[in-house]
Every structure is written in structure tokens, then in C-alpha cells.
Amino acid sequence: MKHLVYLIAGIVVTVVFFILSCSDSFNIYEQLFFNQGYNDKMYNLNMYPVIAAITIAIAWGGAAIYYYAINSVKFDRWYHWLAVLGVVAVLAPVVCYIYNDTVFAHNGLLYIGESIQFEMQTVLFAALLFIVASYSIRWWSSNCRHTPLPQ
Amino acid sequence: MIKMRRLPLLVMCCVLLAGLTACGGHGQLEKAVRSVLVSGDTTRAAFDSLCSIVTDNPGKYGDLLTPEGKLDYKKMADFIEQIGSQLRPPMHWDTRPYGGVEDLSLTIYFERSGSMVPYDQRGGSGQLKKAVNDLINHFPAGSKVAINIVNDGIYPYNHTVDEFLKDRDIYQSTAGIGDASYTDFQLIFNKILEAQKPGNVSVLVSDLIYSPQDTHGVSIDKIFNEENSLATRVFARYKGKSVVVQQLMGDYSGKYYPYNGVPFQYNGKRPFYLVIIADSDVMDQLAQDKRYDGVLNATEVRNSYRFNQGTSEVECRVLPEWKDNAGRFRVKHGDGIVLAKCDGDRQTGKLCFSLAANLGSLLKDDALLTNPSNYEVKSIDGYTLTIQPIDQSMVTANNKEYLEGMTHVLTLVGDLKSPRDEVRIALRNELPEWVIQSSSDNDTSSAASSFPTTTLGLQQLLGGMFDAMKGGNSFFEITIQLQR
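Protein chains in written order, with my numbering: chain A, 90 to 240; chain B, 2 to 485.
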């Protein structure tokens with residue numbers, strides 16, 4: 090039952106993150122980095138929800154791969170888990186940047202510096218979501234349920 | 002039975018699916034509309050590509066089609082307007098030129114008085130006739146065009162529009178119509194305004210010299226007062242109208258009939274006028290609809306002025322990325338212009354921000370619009386204003402969205418001291434200087450240096466119209482709220 094509460098809490102946190110990424114008045118992405126022109130374009134081109142979805146997918150996907158695909162006693166130490174977190178924290182901003190750049194280029198816009206700064210947030214959000222996902226789904230892993238911290 | 006260990010995977014899939022559904026819910030058309038508006042690519046080709054998305058997917062976008070399966074331009078325009086209103090800043094795209102809106106009709110009232118005949122002599126350059134021909138040709142081919150001859154009354158021109166265009170001697174072919182010895186402006190303006198139907202543009206082609214019957218022995222001041230009063234009286238009766246007066250120059254060769262003197266021969270330039278009368282919304286359409294390009298901004302026009310009832314709505318957007326910007330601010334999205342979290346420049350303490358505005362529909366000349374002394378700027382911290390017209394060199398990929406459809410950049414600079422401030426900009430409503438400079442009170446001799454460029458009593462006639470149509474003290478007002 091306790092594990093199910095973790096799972097539900099993780100989903101709630103993720104859904105709240107997604108909703109806040111779509112918001113106009115209080116957008117979670119605009120709280121940490123704000124450049125009027127850049128952020129207006131992100132909003133107008135409906136990119137926040139896609140960036141958030143990519144981040145969520147990579148964070149939860151990374152956790153799922155670690156706990157259910159890798160799922161090996163050879164990789165059940167905390168630094169193995171940290172390595173996956175590192176991969177997630179690098180992969181998410183790179184994919185988001187590529188998406189960002191593709192959409193801007195398609196619309197004839199040029200925001201390289203702003204995009205790089207913006208993606209620093211994705212590093213943070215991806216890492217946080219990976220931790221949330223880990224604590225949501227680790228309990229049903231046969232070999233890695235004790236990683237990163239024992240129950 | 003689903004095993005418990007598969008539960009998180011199942012839930013994850015659900016979360017992902019929900020997320021993807023939320024992202025994809027806006028549809029291909031909304032995405033395309035957003036892309037067009039953000040990139041500032043508001044062209045016919047872009048509109049056509051949006052229309053093809055609708056017509057290619059009748060099942061998905063059936064609500065944007067007519068019962069016959071054709072595109073409903075009105076609904077399409079509403080859809081684009083709805084998407085545009087959700088953007089930052091809200092965007093507007095006038096899609097009327099691309100279809101679905103009936104063409105405006107044009108009625109020409111061609112003055113045929115004694116003093117007009119010398120404007121279209123066979124030996125002259127024919128600027129007057131060319132201006133009218135151009136006006137007709139600037140209307141789309143499908144527009145209804147009617148031509149009337151005016152002097153003591155209004156008489157129909159009994160030939161086709163094509164015949165009018167080809168007519169090399171319009172005054173010869175209309176000789177004998179009405180009484181050419183005087184022009185009854187009161188009757189003409191009343192009839193024009195009375196007869197005007199929605200969607201109609203009426204144009205009086207005239208020298209705007211008030212020449213009533215029997216002026217012998219009447220003082221010029223009395224005539225001017227009469228002229229002024231009748232203009233005010235006529236135009237005050239018809240609400241919701243807008244009038245554009247354009248001044249052009251033409252070759253004049255023939256007898257000139259001064260107000261109270263002996264007619265004399267004059268060969269040279271003289272001003273003539275196109276008085277364009279329409280409902281205010283029709284005039285806005287003329288100014289903005291690209292199908293009517295050239296009607297209000299013909300290159301031959303020397304001066305022009307739009308008389309309007311009431312204050313105009315001016316579309317404007319704060320420019321977040323502009324070379325002059327100093328300090329920091331955030332544009333709050335919603336009603337009105339609100340700059341929040343304002344912070345002065347670190348070195349100077351000044352806040353400088355710019356707005357792109359569409360002042361084109363006001364139909365004022367650039368000299369008036371770009372002179373800050375014509376504006377009233379009120380604020381606690383004493384903001385000052387500069388105005389510059391937008392040219393192509395200012396447009397970059399990143400600011401195109403904000404500058405699209407705009408004509409001028411208004412830059413405000415001030416010391417940010419108060420925690421809250423309200424900057425109010427208003428363009429004063431005054432009769433333009435050119436009207437005063439183009440007006441004379443004596444036309445008895447062509448020897449005066451101002452004779453080729455002035456019209457007797459123009460200030461009184463247009464002043465009367467101005468008094469009748471002056472809706473407020475300003476042409477437009479913009480208010481910007483500043484919050485620290």
C-alpha cells in the first residue's frame with residue numbers, strides 16, 4: 090500500500106509539472122529563466138507542453154529502463170543509478186534543444202544563446218523527475234528495488 | 002490478471018498517452034496558424050496553404066466548411082482570429098483580401114463647374130482625369146462603379162465606366178449637364194451622405210472652392226462664415242462617417258473665376274481635391290485591405306487628412322527585443338498594456354521601452370505622426386516620447402512577429418522612481434498645418450506666389466468639417482501601466 094502511495098504521488102507530481110508547463114499566467118519554465126521575446130515564441134508555438142512531455146518521457150523512461158530492463162544485480166549500486174540519472178540529465182536537454190532548434194529554424198527564428206540557457210532548466214527538471222520516477226516505480230523491480238537507498 | 006509488477010509500466014504508459022494527447026489536441030490547423038502568425042508570414046500563399054488543410058480534411062474541419070463543402074471564409078477568419086487572440090502578444094491577421102467579403106462599391110461625383118473645366122484641357126497633362134481613372138482602377142475588377150456629374154445638382158453620367166476612362170475631354174462630353182456657374186456643396190454633400198449605402202465609397206472630385214449663387218457685394222468673411230457653418234451642419238447630421246480629403250496638383254489652363262473679381266486667364270498648376278466619404282468601418286477597410294492599395298495612398302497625393310468621428314483604436318505591441326530598450330520589464334498578458342517587474346538600467350536608472358503601433362489607419366502624414374510635439378504624454382515620472390517609422394532594415398527574424406502590420410515605433414524613456422506609474426500617450430486632434438497653408442482669402446490675382454498652391458476658403462470649409470466630425474481631443478490614446 091505504501092508503495093502504491095509513492096507511485097500515485099509520483100504521478101501527481103509529474104502531472105502537476107506538466108500542467109504548470111502549459112500554463113500562461115504561472116508557467117514553471119518562465120519562473121527560472123525569462124527572456125520576453127524567447128518565452129513568447131515558446132508559448133506561441135506551443136512548445137512548452139512538448140518540451141515537458143519529452144522531459145517526462147526521458148525521465149520516466151530512464152527510470153523504467155534502469156529498474157525493469159537493466160534490472161541486474163551487477164548494476165544495483167547507487168552509482169549505477171546516478172550514472173543513469175546523469176544520462177537522463179544530459180539526454181533530455183539535448184533532445185529538447187534539438188526540438189527547440191528545429192521548430193525555431195522552421196519558423197525562421199534564431200535564439201541559440203537563449204535556447205542553451207533555457208535547457209539548463211531541463212537538466213534540473215529531468216533530474217528531479219528521474220528521482221520522482223525512481224521512487225515511484227522502484228518497488229516492483231526484482232533486483233534494483235534497494236537502489237539508490239535501501240528500503 | 003495483470004501482475005502487480007507491471008502496474009507502474011501501465012501507469013507510465015497512461016501518463017505518457019495523456020501527455021501526448023494534450024500536446025496533439027490542438028490539431029494540424031492550429032499549429033499551422035500559430036506558425037504563420039509567429040513567423041509573420043501573413044501572405045496569400047500562407048492563407049491558401051491553411052485553406053488546403055481544411056479542404057483536404059473535410060471530416061476533421063467540417064465546421065469550417067459551408068454545407069456545399071466549400072471553405073467558409075468568415076468561419077476561417079474567426080478561427081484565425083481566435084488563435085491569434087491567444088498569442089503573446091495577441092495577433093490580428095486581416096484575411097478579407099483573400100475572399101469571402103463582398104467588394105466595396107464606388108460612386109464618383111465629378112464636379113463640372115466653370116472653374117473645373119481648365120483642369121482637363123487637351124493640351125494639359127491631365128492629372129485630374131488620371132487621378133479619377135486611377136481611383137477607379139484601384140478598386141477590384143468586380144466592384145460596382147457609378148459616375149455622377151455635380152454642379153447645381155447631381156446628374157448621372159450617361160456612359161459606361163470604360164467610356165469614362167477613355168474620354169479625353171470629359172468636360173466637353175458632359176457639356177450642358179446642370180448649371181456650371183455655381184456649385185451647391187450643401188446639396189451635394191447632403192445627397193452624397195443620404196444616398197450612401199453600407200459598403201459604398203463616395204468620392205467627390207472638386208476644387209473645393211465654395212461658389213454659391215449671387216455673391217455680388219457680399220463680404221468674403223460672410224461667405225467664409227456661411228461656408229464654415231454649412232460644412233459643420235451637413236457633416237454633423239450623419240453619424241459614423243469618415244471623410245478623407247486628398248490634395249493633388251494638376252495643370253490648369255483657362256479662365257479662372259475669382260470670388261468677386263474679373264475672370265482672368267491662368268496657365269499653371271492648381272490644387273484639386275478628392276473627398277472620399279464612407280462609413281468609418283469601410284474607411285478602415287480601405288486603409289487596411291490590400292485589395293484597395295492605392296486608393297488612399299496614391300503617390301500623386303500631395304497632402305491628405307482623415308476626418309473621423311471619435312477616437313480610433315490603434316493596435317500596438319510592446320517590443321521585448323529592441324535596440325533602445327534599457328532596464329528590465331515583463332509584459333503581462335491580458336487586458337491593456339501592463340509592464341510588470343520593471344527595473345531601471347543598472348547604470349542610468351532609466352527605463353526605456355518601445356511599442357510598435359499601426360498608425361496607418363489614421364491616414365495622417367508622417368510629419369504629423371513622427372513629431373513628438375503633436376503628442377500629449379502624461380506620467381508621474383515624466384516619460385518622454387520619440388516616434389520613428391518602421392522600415393525594412395529594422396525587421397529581424399525574431400522581431401518580425403511584433404512589427405508585422407505595424408507602421409511606427411513609439412519609444413518611451415524615463416527615470417523609474419515611482420512604484421507604480423501610468424503612461425498615457427495621446428495624439429492631439431488638430432486641423433493639420435497643410436490645410437492652413439493651402440488656404441487663401443483672396444484669389445483675385447494669379448500674381449501672388451501662393452496662388453498655384455492655395456484654394457480660396459479651404460480652411461473654412463475643412464474647418465467646418467473638422468468641427469462637425471471632431472469626436473474627441475485626440476485621434477487615439479494608449480495607456481501603459483508600469484509596476485515595479
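For the record, the hints were derived by calculation from the structure and aren't laboratory data. Predicted model only: the values in this text are computed from it and were never measured. Be careful, since some hints might not be right.
Unchecked claim - Some, not all, of what chain A presents toward chain B, calculated at C-beta under 10 Å:
#1 D113
#2 F123
#3 N124
#4 Q125
#5 D129
#6 Y132
#7 L134
#8 N135
#9 R166
#10 W167
#11 H195
Each residue gets a CB set at the ideal place from its N, CA and C atoms; glycine is no exception.
Hints, verified against the model:
1. D113: Check passed: Cβ of A:D113 comes within 6 Å of chain B, closer than 10 Å.
2. F123: 7 Å, holds
3. N124: The hint holds - A:N124 has a Cβ within 10 Å of chain B, the shortest such distance being about 8 Å.
4. Q125: Check passed: Cβ of A:Q125 comes within 3 Å of chain B, closer than 10 Å.
5. D129: 4 Å, holds
6. Y132: 5 Å, holds
7. L134: With a closest approach of 6 Å, the A:L134 hint holds.
8. N135: Hint on A:N135: holds, closest Cβ of chain B at ~6 Å, below 10 Å.
9. R166: Violated, about 22 Å.
10. W167: 20 Å, violated
11. H195: At about 7 Å, which falls below the 10 Å cut-off, the nearest Cβ of chain B leaves the hint on A:H195 intact, so it holds.
In the structure shown, a violation is registered for the earlier hints numbered 9, 10, in ascending order.
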